[in-house]
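Q: If you want the building blocks of each chain, they are given just below.
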Amino acid sequence: MDQLPQNFTRRDIIIGMLTSVGALSTVGCAQKMEASIERQQAANKLGSTQNLSFYDDSEFALIERLSAIIIPATETPGAVDVGVPFLMDQLHAIWASSSRKAEHRKALGAIQANLTAIAEEDFLNATEANQISALKTLDTRAFSNKSSGLGNYRYVKDLISRCYYATEPGATQELRYERVPGKWEPCIPFEDVGRTWYK
Amino acid sequence: MMEKFDAIVIGSGISGGWSAKELAEQGLKVLVLERGRKITPHKDYVDMRAPWENPNFDQIAEDEIKQHYYIQQPHVKYAVKESTKHFWVKDSEHQYETPEDKPYAWLRGYHTGGRSLLWGRQSYRLGPQDFTANKEDGHGVDWPIRYEDLAPWYDHVEKFAGIAGSTENLPQLPDGVFQPHFEFTCMEKLFKKRVESQFSGRKVIPARVAHLTKPTEEQMALGRGPCQVRNHCNKGCSFGAYFSSNSATLPAATRTGNCKIVNDAIVHSLDYDPITNRVTGVKVIDANTKEMKTYHSKVVFLNASAIASAMILLQSKSETFPNGLANHSGQVGRNLMDHVSGGFVSALIPGFENKYYYGRRPGGLYIPRYANITEQDKPYIRGFGYQGGSFRDGATGKRAGIGEEFKLANRVPGGWRVSIYSFGEVLPNEENRVTLHNTKKDKWGLPIAYISASMGKNEEIMMRESQKDAYFMLKAAGAIEFNRGPDAEVNMSKPGDRIHEMGTARMGRDPKTSVLNEWCQAHDVPNLFITDGAAMTSGGCQNPSLTYMALSARSANYAAKLIKENRI
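Respectively, the protein sequence lines represent chains B and U.
The opening residue of the first sequence carries number 0 in numbering that gives the first Met the number 0; numbering runs sequentially from there.
The opening residue of the second sequence carries number 0 in numbering that gives the first Met the number 0; numbering runs sequentially from there.
Since the hints were made in silico from the structure, they are not lab data.
Beta carbons: idealized from backbone N, C-alpha and C, even for Gly.
Do not rely on the hints blindly, as some may be mistaken.
Just some of the chain B residues that point at chain U, by a computed CB distance under 8 angstroms [stated by the list, open to error]:
#1 Ile69
#2 Arg104
#3 Lys145
#4 Leu149
#5 Ser160
#6 Arg161
#7 Gln172
#8 Leu174
#9 Thr195
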């Protein structure tokens, strides 16, 4: 047999095989897996603004504030805790084409202008309460009327969310994710899983 | 000393793997020539990576797509990723041309196992009607075999490959040798009940997929294990749970001690001896050094894929065959078929909000063809099936709300969404063809492909009708919030997009109008067999790989018999 692939632990195999033959129940599997997943802390991934590859300081500050307010830390980590602003920076530095980069910059500028207009002061220098209030207003406008010209906000919000839920804490703590389910159960009580599956 | 082989198999994909296995198990010395690189599972498979271990959502950089993957990625977005791009050709390095108004998507990977590593794994038999369709409606030529000729070979390959499916007793979609199927979700059971009660000739059945759900001893002896329900199949499978040449047929072939695989061997042409009327050798170019070498054998199995196999024949010119080997009929390269998609409806069906599922199932539901089978009132000939399934919408940023309220809302999955999309038959048409480019050559000095193919009126009408049918079935099932209506404009898939290349060296009864006989043996050259998609006389509407497997196994056993009896 070939050597195991990277990141493929014996635990993964054992869990997969056991669940395949029905040795673990869904409930038990989900709970045990959750309990046994070795949490990888995101702290070291955060870096500092000196390491930014795409955003300038004010763009990064805006992304950071949007991330913090849209997905705050609760009993699970928030978007900033898991490094979403840095993931967005890397996404645009590495993946995005020059035209997308330009569009994104333009979108951030428009969002900043909208929020400043709603807050009636510079959004980034507003109090946290005013920032939350302004963003709530913008969010309501953006989703109550899809023709409101706020597609740029909807796009950035979606990107922040996608980045968040694609992190390990986002996928496994806030949502649920099984690396090796090992079996298919087509119709079980929602409570047995408890939260939305990531993918 | 020159190695001697009984058989050379060109291509190691889904059909080449079968040819090699069957020939080697019959005791023949087999050489497999693969134009791509060797696959090393523990290095090449990336199926054990979690989503967070693939930066940038595993997307290939947009500039890189534009430069290198401008055909592969847009057509196969779900599979051509940063972590898996090594399974797909760079379009910039493997070019071909088409007429400007006839784009063709030639989607492929060059490596051991070919597209068997990348396929959708949907596995359906052709039905009796598919083998008589050409004869009955006059499109193409008559198949030289009938369903009954192939049925035992379907049994043979299903038993070895492992197909998860359900017994349904449908004449148009014969049952096979199945392992337990992946069961329906509660919503799919409801969808099935409502559709079948309101459309009496239609059935909703579990998808039939080449995944092990109850592996046999034979399968486990090859190192294969049960499907882990991860749906990471596009990344390779470290469990060998889905069928591929890499997990199944090539290990079976090599364990006989009779099979050798040579990678990076691009076939230049086949040598032909007019005195014996036999192929005598296979001339290859080393992909890395460009060194030329010729291998010899008693028989040659061409399994390079429909387009590539035709090109090899067209490149193999001689005084006897000035238009390409085994091409007295002039049919080599013609009748290029694919399947066609276009009807697509996705909608929410209320109910079962307290139910969920566990695992990421690799296949959903299938609605077998009913048009011109159980329903005869159609403005088109032949028919289509639907693939699809149900799932609950996941967490999304495309919703209102911020803060804790937003997080809490996303912890509860959305409604049950049922989606179905059609796969229709494409009629054989001699004008849909691949030829050798008149002037342009690849970096190995071989002419590039010139592919000219388009969908016809029947396909267009069929897809338009499939959109309507899909809508009304979902409507009857109680769906709301449709993505598209019954009269929505249908965006028909481009030829090639379904990755079911077929027909370029069709089987037939008459050597004047077909390339291969009932054994997939060239009418013109008895020791040449072609058992990939090129052999298909018509395409049916079912995913074709299972049929390539059955044809390959059948022909290989026939060829082995001829060799043993010294009749070839």
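Q: Each hint needs a verdict: does it hold in this structure or not?
A: How the hints compare with the structure:
no. : hint   : verdict
1   : Ile69  : holds (5 angstroms)
2   : Arg104 : violated (15 angstroms)
3   : Lys145 : violated (10 angstroms)
4   : Leu149 : violated (12 angstroms)
5   : Ser160 : holds (3 angstroms)
6   : Arg161 : holds (6 angstroms)
7   : Gln172 : violated (11 angstroms)
8   : Leu174 : holds (6 angstroms)
9   : Thr195 : holds (4 angstroms)
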